[in-house]
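**Student:** The lines below spell out each chain.
2 protein chains.
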Amino acid sequence: MEHFDRLSELLMQTNKLSVELFSKVAEQYGISHAEIFLLQQIKKSPKTIGELSRLSGFPYSTISGVVSRLEAGGYVVRQKDQQDRRVVWVRLADDVEQLERRLPFLGKTYVHELFAGMTKEEVEKLCDSFRLVNSYLLKKLEEQGERERK
Amino acid sequence: MEHFDRLSELLMQTNKLSVELFSKVAEQYGISHAEIFLLQQIKKSPKTIGELSRLSGFPYSTISGVVSRLEAGGYVVRQKDQQDRRVVWVRLADDVEQLERRLPFLGKTYVHELFAGMTKEEVEKLCDSFRLVNSYLLKKLEEQGERERK
Chain Y
1 MEHFDRLSEL
11 LMQTNKLSVE
21 LFSKVAEQYG
31 ISHAEIFLLQ
41 QIKKSPKTIG
51 ELSRLSGFPY
61 STISGVVSRL
71 EAGGYVVRQK
81 DQQDRRVVWV
91 RLADDVEQLE
101 RRLPFLGKTY
111 VHELFAGMTK
121 EEVEKLCDSF
131 RLVNSYLLKK
141 LEEQGERERK
Chain G
1 MEHFDRLSEL
11 LMQTNKLSVE
21 LFSKVAEQYG
31 ISHAEIFLLQ
41 QIKKSPKTIG
51 ELSRLSGFPY
61 STISGVVSRL
71 EAGGYVVRQK
81 DQQDRRVVWV
91 RLADDVEQLE
101 RRLPFLGKTY
111 VHELFAGMTK
121 EEVEKLCDSF
131 RLVNSYLLKK
141 LEEQGERERK
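Going down the list, the sequences are from chains Y and G. Per this note's numbering, the first sequence starts with residue 1, numbered consecutively. Per this note's numbering, the second sequence starts with residue 1, numbered consecutively.
Do not take every clue at face value.
[Unchecked claim] To list a few chain G residues with every Cβ distance to chain Y over 10 Å, as calculated:
(1) E9
(2) E51
(3) G73
(4) K80
(5) Q82
(6) Q144
[Said to hold, decoys possible] If you want a taste of the chain G side facing chain Y, the calculated C-beta under 10 Å gives, among others:
(7) I31
(8) L55
(9) S61
(10) Q79
(11) R85
(12) R102
(13) L126
(14) C127
(15) D128
(16) F130
(17) L132
[What the hints assert, rightly or not] Example chain Y residues on the side facing chain G (calculated, C-beta under 7 Å, incomplete):
(18) H3
(19) Q13
(20) K24
(21) V111
(22) F115
(23) C127
(24) L137
To be clear, the hints were calculated from the coordinates, so they are not data collected in a lab. Positions of the beta carbon are idealized from the N, C-alpha and C atoms, including for glycine.
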């Protein structure tokens, strides 16, 4: 099991380093960890403040405050639901491309920059490894889903 | 640059899948994303509420609320600073081992469970890949540090 321990150490280090790098880069752009978290959540599709609160584990009032800061920064807009005016949706103010122009580290070109200098073979090797990791994560998620349905 | 795009897609998928799995598992243990975040921050060494607020980007009052929930759950304790009684430290109630017994998915044995069934060769390959990723992250962090000192 020694090789698993080694992998575990490396993963914890990867996690620590990426959180650290991410925080530093975000700070440079004047945006907080919390704000980035919300932007990532609504990048694909708008969410309600209630959903964002559930996803993050922070109370409604806190999320509402973070949304206000993002609104003031021109990143997001609040929009009342057409059917039920009490429900408020939070969506990107512009499209994803525009967001990634303002915050390049959220976009996929950041990976090019981060790994600049890597050979094609090394990149292919990483792709293989992450494909393997993802297949295990997916399997675990499905097991988790089955457990919940029971 | 096509291979970089592929890697980028895979990394985004890894990120999405691990956040999803992590949230589901945490939910099963009745602990929120926010609570886990704070536990991870104080796992190595105690932090003040001010530090936790800066690290997360959430206001002092919110962090204080999350700390209270963790305190009620018996995970952490608040401790006044010996020198300056206005400063409050948040530390683990027990040691890390005890914490990992209560929340096994925070410990390193979770990696064994997650990747059970992987061959030794596959694990070694992952180790190589993560070693490579970490060296690039570290390099980037150093560059970032130099930029800040200028």
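**Student:** For each hint, tell me whether it holds in the structure or not.
**Tutor:** Results of checking the hints against the structure:
A beta-carbon of chain Y comes within 10 Å of the beta-carbon of G:E9; the shortest separation is about 7 Å. A cut-off of 10 Å between C-beta atoms confirms that G:E51 is not in contact with chain Y; the least separation is 13 Å. In this structure G:G73 is separated from chain Y by more than 10 Å, as the shortest Cβ-Cβ distance comes to about 13 Å. The claim that G:K80 is not at the interface with chain Y holds, since no C-beta of that chain comes within 10 Å of its own (minimum 25 Å).
The non-interface label for G:Q82 is consistent with chain Y: the shortest C-beta to C-beta separation is roughly 29 Å, beyond 10 Å. Its closest Cβ contact with chain Y, about 5 Å, brings G:Q144 to no more than 10 Å, contrary to its assignment away from the interface. At a threshold of 10 Å, the smallest CB-CB gap from G:I31 to chain Y is about 8 Å, leaving the interface hint in force. For the restraint placing G:L55 at the interface with chain Y, the shortest Cβ-Cβ distance is roughly 7 Å, inside the 10 Å limit, so the hint holds.
For G:S61, the shortest C-beta to C-beta distance to chain Y is roughly 8 Å, which falls under 10 Å, so the interface hint holds. A cut of 10 Å between beta carbons decides the hint on G:Q79: the least distance to chain Y is about 24 Å, and the hint is violated. At a threshold of 10 Å, the smallest CB-CB gap from G:R85 to chain Y is about 27 Å, leaving the interface hint violated. Given hint, G:R102 at the interface with chain Y, is violated; its Cβ is 17 Å from that chain's nearest Cβ, farther than 10 Å.
For G:L126, the interface hint holds, since its Cβ comes within 10 Å of a Cβ in chain Y; the closest pair sits about 5 Å apart. Satisfaction of the interface hint for G:C127 is found here, the shortest Cβ-Cβ separation to chain Y being roughly 5 Å, below the 10 Å cut-off. A cut of 10 Å between beta carbons decides the hint on G:D128: the least distance to chain Y is about 7 Å, and the hint holds. Taking 10 Å as the C-beta contact cut-off toward chain Y, the hint placing G:F130 at the interface holds, the least distance being around 4 Å.
At its closest, the beta carbon of G:L132 sits 6 Å from a beta carbon of chain Y; the interface hint therefore holds under the 10 Å criterion. Interface restraint check: Y:H3 against chain G, minimum CB-CB distance 5 Å, threshold 7 Å, status holds. Annotation: interface hint on Y:Q13 holds; nearest CB of chain G at approximately 5 Å, less than 7 Å. Interface hint status for Y:K24: upheld, as the beta-carbon distance to the closest one in chain G is roughly 5 Å, under 7 Å.
Restraint check, Y:V111 versus chain G: the minimum CB separation of about 4 Å is within 7 Å; hint holds. Taking 7 Å as the C-beta cut-off, the interface hint given for Y:F115 holds, the closest approach to chain G being about 6 Å. Interface restraint check for Y:C127: the shortest CB-CB distance to chain G comes to about 5 Å, inside 7 Å, so the restraint holds. Against a cut-off of 7 Å between C-beta atoms, the interface hint on Y:L137 holds, since the closest Cβ of chain G lies about 4 Å away.
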